[in-house]
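With the hints as extra help, turn the sequences into a complete structure.
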Amino acid sequence: MNEKIMNVLSKAIIAALPRQKKKVYQFIVEIEDQLAQQCTTKEQFMTLLKEQSPHKQAANKFHMSFEHLMHFMHEIEDEINRKLEEKLKDYRWIEVTDVKVNNRTEKKQKTYVVKF
1 MNEKIMNVLS KAIIAALPRQ KKKVYQFIVE IEDQLAQQCT TKEQFMTLLK EQSPHKQAAN
61 KFHMSFEHLM HFMHEIEDEI NRKLEEKLKD YRWIEVTDVK VNNRTEKKQK TYVVKF
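All residue numbers for the sequence shown refer to the UniProt record's numbering, where the first residue is 1 and numbers rise by one.
Any given hint might turn out to be false.
Said to hold, decoys possible - BS3-like, lysine-lysine: derived pairs with alpha carbons at most 25 Å apart:
#, residue 1, residue 2
1, K11, K21
2, K87, K23
3, K56, K42
4, K50, K61
5, K22, K4
6, K4, K89
7, K87, K21
8, K83, K4
9, K11, K83
10, K11, K23
11, K42, K4
12, K22, K50
13, K50, K83
14, K11, K89
15, K23, K61
16, K23, K4
17, K50, K23
18, K61, K87
19, K21, K56
20, K83, K21
21, K56, K22
22, K50, K21
None of these hints come from the bench; they were simulated from the model.
This is how it looks when you write it as C-alpha coordinates:
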(Lines of atoms letter the chains of each structure in order from A and count residues from 1; the text may use other names and numbers.)
(Lines give C-alpha, C1' and ligand atoms only; values in the text may rest on other atoms or scores of the structure.)
Protein backbone atom coordinates (compact mmCIF):
# COMPACT_ATOMS: atom_id res chain seq x y z
CA MET A 1 0.00 0.00 0.00
CA ASN A 2 1.28 3.43 -0.91
CA GLU A 3 2.16 5.36 2.26
CA LYS A 4 1.10 8.68 0.74
CA ILE A 5 -2.36 7.34 -0.03
CA MET A 6 -2.63 5.93 3.49
CA ASN A 7 -1.76 9.37 4.88
CA VAL A 8 -4.31 11.10 2.65
CA LEU A 9 -7.03 8.67 3.68
CA SER A 10 -6.12 8.92 7.37
CA LYS A 11 -6.14 12.72 7.30
CA ALA A 12 -9.55 12.73 5.62
CA ILE A 13 -10.94 10.35 8.23
CA ILE A 14 -9.50 12.39 11.11
CA ALA A 15 -10.84 15.62 9.61
CA ALA A 16 -14.32 14.08 9.51
CA LEU A 17 -14.31 13.00 13.17
CA PRO A 18 -16.70 14.72 15.56
CA ARG A 19 -15.15 17.88 17.02
CA GLN A 20 -14.27 16.53 20.48
CA LYS A 21 -12.74 13.32 19.14
CA LYS A 22 -10.72 15.25 16.57
CA LYS A 23 -9.43 17.75 19.15
CA VAL A 24 -8.34 15.06 21.61
CA TYR A 25 -6.74 12.89 18.95
CA GLN A 26 -4.88 15.77 17.30
CA PHE A 27 -3.71 17.15 20.65
CA ILE A 28 -2.08 13.84 21.61
CA VAL A 29 -0.64 13.11 18.18
CA GLU A 30 0.86 16.61 17.91
CA ILE A 31 2.64 16.22 21.25
CA GLU A 32 3.88 12.75 20.27
CA ASP A 33 5.17 14.12 16.96
CA GLN A 34 6.97 16.98 18.72
CA LEU A 35 8.60 14.54 21.12
CA ALA A 36 9.63 12.24 18.28
CA GLN A 37 11.33 15.12 16.48
CA GLN A 38 13.47 15.76 19.55
CA CYS A 39 14.77 12.19 19.66
CA THR A 40 17.38 10.24 17.78
CA THR A 41 16.59 6.83 19.27
CA LYS A 42 13.53 4.82 20.17
CA GLU A 43 14.71 4.72 23.78
CA GLN A 44 14.89 8.52 23.98
CA PHE A 45 11.38 8.75 22.58
CA MET A 46 10.01 6.25 25.09
CA THR A 47 11.69 8.12 27.95
CA LEU A 48 10.18 11.43 26.83
CA LEU A 49 6.76 9.81 26.44
CA LYS A 50 6.92 8.59 30.04
CA GLU A 51 8.19 11.93 31.34
CA GLN A 52 5.81 14.19 29.45
CA SER A 53 2.85 11.80 29.07
CA PRO A 54 0.76 13.30 26.25
CA HIS A 55 -2.22 11.30 27.48
CA LYS A 56 -2.03 12.81 30.98
CA GLN A 57 -1.69 16.27 29.45
CA ALA A 58 -4.78 15.59 27.32
CA ALA A 59 -6.73 14.29 30.32
CA ASN A 60 -5.98 17.53 32.19
CA LYS A 61 -6.68 19.78 29.22
CA PHE A 62 -10.00 18.12 28.37
CA HIS A 63 -11.09 17.64 32.01
CA MET A 64 -11.19 13.84 31.92
CA SER A 65 -9.81 11.19 34.20
CA PHE A 66 -6.75 9.44 32.80
CA GLU A 67 -8.73 6.19 32.52
CA HIS A 68 -11.57 7.88 30.66
CA LEU A 69 -9.12 9.60 28.31
CA MET A 70 -7.37 6.30 27.55
CA HIS A 71 -10.70 4.59 26.83
CA PHE A 72 -11.78 7.54 24.67
CA MET A 73 -8.49 7.51 22.73
CA HIS A 74 -8.79 3.76 22.08
CA GLU A 75 -12.33 4.36 20.84
CA ILE A 76 -11.08 7.08 18.48
CA GLU A 77 -8.22 4.93 17.17
CA ASP A 78 -10.59 1.99 16.63
CA GLU A 79 -12.96 4.24 14.68
CA ILE A 80 -10.12 5.58 12.51
CA ASN A 81 -8.81 2.06 11.83
CA ARG A 82 -12.28 0.73 11.02
CA LYS A 83 -13.00 3.56 8.58
CA LEU A 84 -9.57 3.19 7.00
CA GLU A 85 -10.15 -0.53 6.45
CA GLU A 86 -13.52 0.24 4.85
CA LYS A 87 -11.93 2.72 2.46
CA LEU A 88 -9.11 0.34 1.62
CA LYS A 89 -11.61 -2.34 0.59
CA ASP A 90 -12.72 -0.05 -2.24
CA TYR A 91 -9.22 1.17 -3.08
CA ARG A 92 -7.90 0.24 -6.50
CA TRP A 93 -5.78 1.63 -9.28
CA ILE A 94 -7.44 2.10 -12.65
CA GLU A 95 -5.28 2.42 -15.75
CA VAL A 96 -6.42 5.28 -17.96
CA THR A 97 -3.44 5.44 -20.30
CA ASP A 98 -5.56 5.36 -23.44
CA VAL A 99 -8.15 7.86 -22.27
CA LYS A 100 -8.10 10.91 -24.50
CA VAL A 101 -7.20 14.15 -22.79
CA ASN A 102 -7.92 17.35 -24.75
CA ASN A 103 -8.68 15.31 -27.88
CA ARG A 104 -5.30 13.61 -27.98
CA THR A 105 -3.91 10.37 -26.70
CA GLU A 106 -0.38 10.17 -25.40
CA LYS A 107 1.05 6.72 -24.87
CA LYS A 108 4.48 7.68 -23.58
CA GLN A 109 3.76 6.48 -20.06
CA LYS A 110 1.06 4.60 -18.27
CA THR A 111 -1.39 6.73 -16.35
CA TYR A 112 -3.42 5.60 -13.35
CA VAL A 113 -6.08 7.06 -11.12
CA VAL A 114 -7.04 5.86 -7.69
CA LYS A 115 -10.64 4.91 -7.00
CA PHE A 116 -11.94 4.76 -3.44
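Here is how each hint holds up against the structure:
Between K11 and K21, the direct Cα distance comes to roughly 14 Å. Compliance with the 25 Å bound is thereby established for this hinted pair. The straight-line distance between the Cα atoms of K87 and K23 is roughly 23 Å, inside the 25 Å bound, and the hint therefore holds. For the proposed pair K56 and K42, the alpha carbon gap of about 21 Å is at most 25 Å, so the pair holds. Annotation: proposed proximity of K50 to K61 holds, straight-line Cα distance about 18 Å (limit 25 Å).
With a C-alpha separation of about 21 Å, the suggested pair K22 and K4 falls inside the 25 Å cut-off, and the hint holds. Proximity of K4 to K89 is assessed by CA-CA distance (about 17 Å); at most 25 Å being required, the pair is judged to hold. The suggested pairing of K87 with K21 holds, with an alpha-carbon distance near 20 Å, which does not exceed 25 Å. For the suggested pair K83 and K4, the alpha carbons sit about 17 Å apart, so the restraint of at most 25 Å is met.
Proximity of K11 to K83 is assessed by CA-CA distance (about 12 Å); at most 25 Å being required, the pair is judged to hold. At most 25 Å may separate the alpha-carbon atoms for a hinted pair to count; K11 and K23 meet this at roughly 13 Å. Restraint check for K42 and K4: the C-alpha separation of about 23 Å stays at or below 25 Å, so the hint holds. Restraint check: the Cα-Cα separation between K22 and K50 comes to about 23 Å, which is no more than 25 Å; the hinted pair holds.
Distance check on the hinted pair: K50 and K83 sit about 30 Å apart at the alpha-carbon level, beyond 25 Å; violated. Proximity of K11 to K89 is assessed by CA-CA distance (about 17 Å); at most 25 Å being required, the pair is judged to hold. Pair hint K23 plus K61 holds up; C-alpha atoms about 11 Å apart against a cutoff of 25 Å. Distance check on the hinted pair: K23 and K4 sit about 23 Å apart at the alpha-carbon level, within 25 Å; holds.
For the given pair, K50 sits about 22 Å from K23 by alpha-carbon distance, which is consistent with the 25 Å threshold. Taking the CA atoms of K61 and K87, the gap is near 32 Å; set against the 25 Å cutoff, the hint is violated. About 16 Å separates the Cα atoms of K21 and K56, which keeps this hinted pair within 25 Å; it holds. Restraint check for K83 and K21: the C-alpha separation of about 14 Å stays at or below 25 Å, so the hint holds.
At most 25 Å may separate the alpha-carbon atoms for a hinted pair to count; K56 and K22 meet this at roughly 17 Å. Between the alpha carbons of K50 and K21 the distance comes to roughly 23 Å, so the proposed pair stays at or under 25 Å and holds.
Checked against the numbered hints listed earlier, the structure breaks hints 13 and 18; every other hint is satisfied.
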